[in-house]
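Colleague: Read off the chains here:
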Amino acid sequence: MSESLIEGPEAEASLVSARGLDKRFGLTRALQGVEFSARAGEIHAVLGENGAGKSTLMKILAGVIRPDAGELSLGGEAYQPNDPAAAQRAGVAIVHQEPQLCEHLTVSENMSLGAEQTRGGLLDRRAMEQHARRALQELLPDAEAMSIRPEQLLAELGPGPRQLVAIARALASADCRVLILDEPTSSLARSDVEHLFAALRRLRERGLCIVYISHFLEEVMRIADRYTVLRDGAAVGLGEVADATLDEWIRLMVGRDVRDLYPRSEHQSGEVALELDDVWTGAGGPAPLTLRRGEVLGIAGLVGAGRTELLRAVFGLDGVRRGQIRVGAYAGPASPAIRLNQGVGMLSEDRQAEGLAATMSIRDNIILSKLRAFVWPRRARREATRWIEKLDIACRDPDQRVGELSGGNQQKVALARLLRHDVDVLLLDEPTRGIDVASRAQIYGLIDDLASRGRAVLMVSSYLPELFGVCDRIAVMCRGRLGVARPVADLDPESVLHEAAVAS
Amino acid sequence: MRAFIERLLSRPWFGPLGALLAVYLLFAGLRPDTFAHAGNLEMMARQTVVVAICAVGMTLIMIKGGIDLSVGSVVALTTVVVARGLQAGLSPWTAAALGVAAAASCGALNGILVAGLRITPFIVTLGTMSIMRGVAKGLAGEQKIDANAAGLDEWMAILPPEYGFLVVSPGVWLALGLSALAAGALVYTRYGRHIVAIGSNERAARLCGVPVARVTVMTYALAGVLAGMAGVMEFGTLTVGDPTDSLGLELEVIAAVVIGGGSLSGGQGSIAGSLLGALLMTVIKTGCTHVGVPNWVQEILTGVIIVVAVALDRWRQQPRQSSSAH
Ligand SMILES: Nc1ncnc2c1ncn2[C@@H]1O[C@H](COP(=O)(O)OP(=O)(O)OP(=O)(O)O)[C@@H](O)[C@H]1O
Ligand SMILES: [Mg+2]
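Line by line, the protein sequences are chains A and B. Be aware that the first sequence starts at 0, since it is given in numbering that gives the first Met the number 0, and climbs by one per residue. Be aware that the second sequence starts at 0, since it is given in numbering that gives the first Met the number 0, and climbs by one per residue.
You may find that some hints are simply not true.
What the hints assert, rightly or not - Derived DEER-like restraints, expressed as beta-carbon distance ranges: (1) Asp-259/A to Val-306/B: 56 to 64 Å; (2) Val-306/B to Glu-388/A: 39 to 47 Å; (3) Thr-188/B to Gly-331/A: 28 to 36 Å; (4) Asp-67/A to Leu-311/B: 17 to 25 Å.
To be verified - One-sided and incomplete, this derived list gives chain B residues near chain A with beta-carbon spacing under 8 Å: (5) Ala-2; (6) Asn-200; (7) Arg-205; (8) Cys-207; (9) Gly-208; (10) Gly-266.
Think of the hints as simulated: they come from the structure by calculation, not from any bench. Positions of the beta carbon are idealized from the N, C-alpha and C atoms, including for glycine.
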């Protein structure tokens, strides 16, 4: 069916296109005969479930990997990038799903990496910093963008600002014609998303072709002009966004209907499971909080508001500056090992650097947090297989390395580990980051189920619809200060956004 | 079939095993009567024992993402301690135990410095390499210490006929036994999985409640114990305590681990591979001597093998490596 997608006039209008792309990784067929075409001056969304092959297709376009079969063309000519540098020279730049930047370098060094400016053989720092500042300003004209300073070390930035740096870097590359963004908003705050969209629209006016991957379908509806849907490594739909509906997309992506995105049952809130008393973290404070068993409490706020710091402090990864954290009746010192023993588990927002060990197998990652003195690989495998089935993780087998999985499936592995540990208090930091609709519904179902079985869930998310869909109460954090948690029924998205942006 | 071959290729010890067979067959073909002789095989096995035992510890450390430059010095120190013990009239077992204990404390010290001070292991062990060498020299009064080996030499000697059923010297069995224990521990124990996890992604390991500092100290201490046992074997070979012995041993040991698929950035490596790597280097050395190749050519050859082995390993992992470009 895909043959017919880009026949005739489509082929002429297109700036970048692919025909009959095949790619396999070992035994996994990531792409089979993909057809793709995007035009200049449009924002073209690529949709699909986790593991559908979106990132693979984009990596091929950007010269990161080479297809096994198929042809690419760019501006009407055959296009065969041998490496990312070649693709960039041809005018194709990519921002990867997991931003690839060097923590030990400054923002400006990162932005001119590989294209450093020199004067008399020495690095021209001033020029590089100016270049970086300009690029950032172009992306985010507001003063807020300047909270990222060019001379700052990248390690000091959270995932959101990092993502912005990565995008600015791609944009700043010389004469970019095609800009590929692989899930650029999955770690961005609402306000940054708006900045990004404004920037993308401006780039579209300039005639750039923007290829945009996202699992936030509502977002895609707003920003994109046309779309391509991938399923199991093949293109199954191409059309105008204006003519499409969410249901149609989901049907195309999943191959069936997804009924209930936010399944909800009665939650019975019980005794206090976690109590924060006047807690100050590195990001500020105070953060008073009472989490009860059987409830899902959401923390909303902007990226950088200190939500991650708070979860990390609760889990004992970072120290607290002041105040007391009580888990049940216990108020002593904390470390991840102690917390896990007390039945507190955490899902990190940064699965690449902290959540998972990429070179280890799915099995090893799932069982890692709760090992007996002796490990039986056979038994561990069986157990991993159970979780893979339970969470629908798309993989070859439990021994596959986690690094080979698609982004969304990696997240599911991290979640599986937590669920396997069967903790009483779950600290979830952006639990559905990069996860497709169908799996998201599944994860919401799991969270709901946990709460109805008396577990306590503390969930940080930048995706408001999800907080409103899943949580019983929501508290808003702004510059380290945590507001009062109120029942969702008493809240609306506008007031939450307002509270998140303005310190009271 | 394809899957089977892919699985075989993905085994970390597959490369070194192929290289070992190739090099062995080459020399056996060149000198069929002397090199391929059973006695020569037995001798090569014995000559590999010290490097092999050290390589077991080094593999654990390198999988964890560390390195230990002090093994050579620790082995030398152990020979001195054992010799001094024997001189003082201790029984051979007590002297050996004393040597191992000394080496274990050196290892534990490495671990405590790495975990406690958060200094990179390369620098810590560069320091302790010099410290331990100095301690050994001081303890020995800067000279070799003669002592009655009192049976410790039998571990590394050619088997007397009445023990023919053992096939190879006890020292070789010790190396094999320790390797089997370590290889099993890596796969079948919590401790082993923790080592791999820390080497693969230390932050993720910490998030999972892995006691990173404790595992670190334990691993270096364990490597110290192993270096101590290697030191006792070395004493058995030398039958003197020699503070200047085993200079540069650490590089040989690291080379064995790297040839065996270990990576300096952690998370990778296998005991079997390291053993094969150690054996490969002995075979090259012995083979070159048999064929009459001068020493300098041997050294060049060993260097080439190291680089080629690692390059091949990269190439072998290529299709999977692209995943790290996510
Ligand atoms: N380097 C690799 N080695 C092995 N398999 C891989 C590799 N990269 C991708 N795959 C597999 O190819 C398939 C497509 O992956 P891809 O990353 O393109 O999915 P995706 O559509 O981007 O998913 P997500 O929305 O989760 O990011 C998956 O089944 C994945 O496991
Ligand atoms: Mg992807």
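Colleague: The structure should be examined with respect to each hint, and the outcome stated for every one.
Modeller: Each hint tested on the structure:
1. Asp-259/A to Val-306/B: 56 to 64 Å: 59 Å, holds
2. Val-306/B to Glu-388/A: 39 to 47 Å: Holds - the Cβ-Cβ distance for Val-306/B and Glu-388/A, about 45 Å, lies within 39 to 47 Å.
3. Thr-188/B to Gly-331/A: 28 to 36 Å: Between Thr-188/B and Gly-331/A, where Cβ atoms are some 29 Å apart, the hint holds.
4. Asp-67/A to Leu-311/B: 17 to 25 Å: Cβ of Asp-67/A to Cβ of Leu-311/B: about 23 Å, so the range 17 to 25 Å holds.
5. Ala-2: 7 Å, holds
6. Asn-200: 4 Å, holds
7. Arg-205: Cβ of Arg-205/B sits 6 Å from chain A, so the hint holds.
8. Cys-207: 4 Å, holds
9. Gly-208: 4 Å, holds
10. Gly-266: Because about 5 Å separates Gly-266/B from the closest Cβ in chain A, which is inside the 8 Å limit, the hint holds.
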